[in-house]
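J.: One line per chain: the protein sequences are A and B, in this order.
Each step along the first sequence adds one to the number in our numbering, with nothing skipped, and position 120 is 120.
In short: position in the second sequence from 1, add 1000, done, that's our numbering.
These aren't lab readings, by the way, just hints derived from the structure by calculation.
Careful: at least some of the hints might be erroneous.
[Said to hold, decoys possible] Think about it this way: if two alpha-carbon atoms lie no more than 25 Å apart in a straight line, the pair counts; the simulated DMTMM-like pairs of lysine to aspartate or glutamate are:
1. A:96 <-> B:1138
2. A:96 <-> B:1128
3. A:96 <-> A:6
4. A:96 <-> B:1154
5. B:1150 <-> B:1048
6. B:1150 <-> B:1138
7. B:1150 <-> B:1100
8. B:1150 <-> B:1126
9. A:96 <-> A:38
10. A:96 <-> B:1062
11. A:96 <-> B:1126
12. B:1150 <-> B:1128
13. A:96 <-> B:1100
14. B:1150 <-> B:1162
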Amino acid sequence: MTGAADLPAWAALLTALLVLLGAGLALVGSIGLLRLEDFYQRVHAPTLGATLGAGSILIGSMVFFSVLQSRPVLHEILVGVFLTVTTPVTLILLVKATHHRDLDAEQPATKTEAGDDRPAG
Amino acid sequence: MTRWFPFPLLSFALFGAWLLLNESLSPGHVILATILAVGGALALTALEPPGLRLRRPRAIAELAALVLVDIVRSNIAVGRIILGPRRREEISGFLVVPLDMRAPYGLATLATILTATPGTLWVRFDPESGLLTLHILDLIDETAWIAIIKGRYERRLMEIFE
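So here's chain A without its partners, still in its complex pose (with noise of 0.2 Å):
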């Protein structure tokens, strides 16, 4: 955090609440990996981090720097252009492996008993 303390009140402080933010959404999507019952519930959770979460973090980013002049904000685009298109694959994969696995084993819509319990990936 070079040059942290030349940075205006109004904007340290709005840098801290967006990342604040940021970070309190990727907690509430590890807590849901952690509460929701099976697998296909449980993969909706973290992405709350990947998108608002990611986002807000950027857009933090994006204050501390704008406002310090030390570089130019690009950096945060590419990041977040990088995470929209990356994130689905990984998510997509997942599931379609387990809606195979599902598949074979037969009735997987009805099976959304707590019990269902098995590792998020």
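Guided by the hints, dock chain B onto chain A, whose structure is given.
T.: Chain B alone, transformed into the frame defined by chain A:
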């Protein structure tokens, strides 16, 4: 030119992304970026991607704004479900939506949108019957979900890609 740059836009994007990531315009990085730009485009040629034509820039902007709003909204909704009390009744489940869209890039975009939105998950799509299977975390009203997917997303995607 077309031999080395069959996909000029992709080559340009790769070139630009490499230099941006490294924050450098030194000759070494320019050479690496060029190799990446040419190599990436050649690799894509091997995959023989179907041609892409985009229409209606207004529909693109409209869709992007809608998706942004929906992502924020569903983040809040899913966050509530996670932090709320354990649900007694099981309300998440699979939903089958008949799609009219066949454009490959449109389907890919729909998959990205649905997966990136917390609460909806792309499970599988059968190109022959056009049936899309989704998993919905909060499946209270099936017809409402179908209306959202068909009316809100598919219609606009078809305007853009077909």
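J.: Does residue 1150 (chain B) pair with residue 1100 (chain B) here, judged by a C-alpha cut-off of 25 Å?
T.: Holds. Residue 1150 (chain B) to residue 1100 (chain B) sits at ~9 Å (cutoff 25 Å).
J.: Check the hint pairing residue 96 (chain A) with residue 1126 (chain B) against an upper bound of 25 Å on the C-alpha distance.
T.: holds, 13 Å
J.: Within 25 Å, alpha carbon to alpha carbon, are residue 1150 (chain B) and residue 1138 (chain B)?
T.: holds, 18 Å
J.: For a C-alpha distance cap of 25 Å, please report whether residue 96 (chain A) and residue 1100 (chain B) respect it.
T.: With a Cα-Cα distance of about 22 Å, the restraint between residue 96 (chain A) and residue 1100 (chain B) holds, given a limit of 25 Å.
J.: With a cut-off of 25 Å on the C-alpha distance, tell me whether residue 96 (chain A) and residue 1062 (chain B) pass.
T.: Violated: residue 96 (chain A) and residue 1062 (chain B) sit about 30 Å apart, past 25 Å.
J.: Check whether the Cα positions of residue 96 (chain A) and residue 1138 (chain B) lie no farther apart than 25 Å.
T.: Satisfied, since the Cα-Cα distance of roughly 20 Å is no more than 25 Å.
J.: Are residue 96 (chain A) and residue 6 (chain A) close enough, with their CA atoms no more than 25 Å apart?
T.: Status violated; Cα separation ~49 Å.
J.: Are the Cα atoms of residue 1150 (chain B) and residue 1126 (chain B) separated by 25 Å or less?
T.: Measuring from Cα to Cα gives roughly 16 Å; hence the hint holds.
J.: So if I understand the rule, the pair passes when the alpha-carbon distance is 25 Å or less; does residue 96 (chain A) with residue 1128 (chain B) pass?
T.: Answer holds: residue 96 (chain A) to residue 1128 (chain B) is near 18 Å, not above 25 Å.
J.: Verify the proposed pairing of residue 96 (chain A) with residue 38 (chain A), using a straight-line Cα cut of 25 Å.
T.: holds, 15 Å
J.: For a C-alpha distance cap of 25 Å, please report whether residue 1150 (chain B) and residue 1162 (chain B) respect it.
T.: holds, 15 Å
J.: Residue 1150 (chain B) and residue 1048 (chain B): Cα distance at most 25 Å?
T.: Given pair residue 1150 (chain B), residue 1048 (chain B) is violated - Cα atoms ~29 Å apart, limit 25 Å.
Checked against the numbered hints listed earlier, the structure breaks hints 3, 5, 10; every other hint is satisfied.
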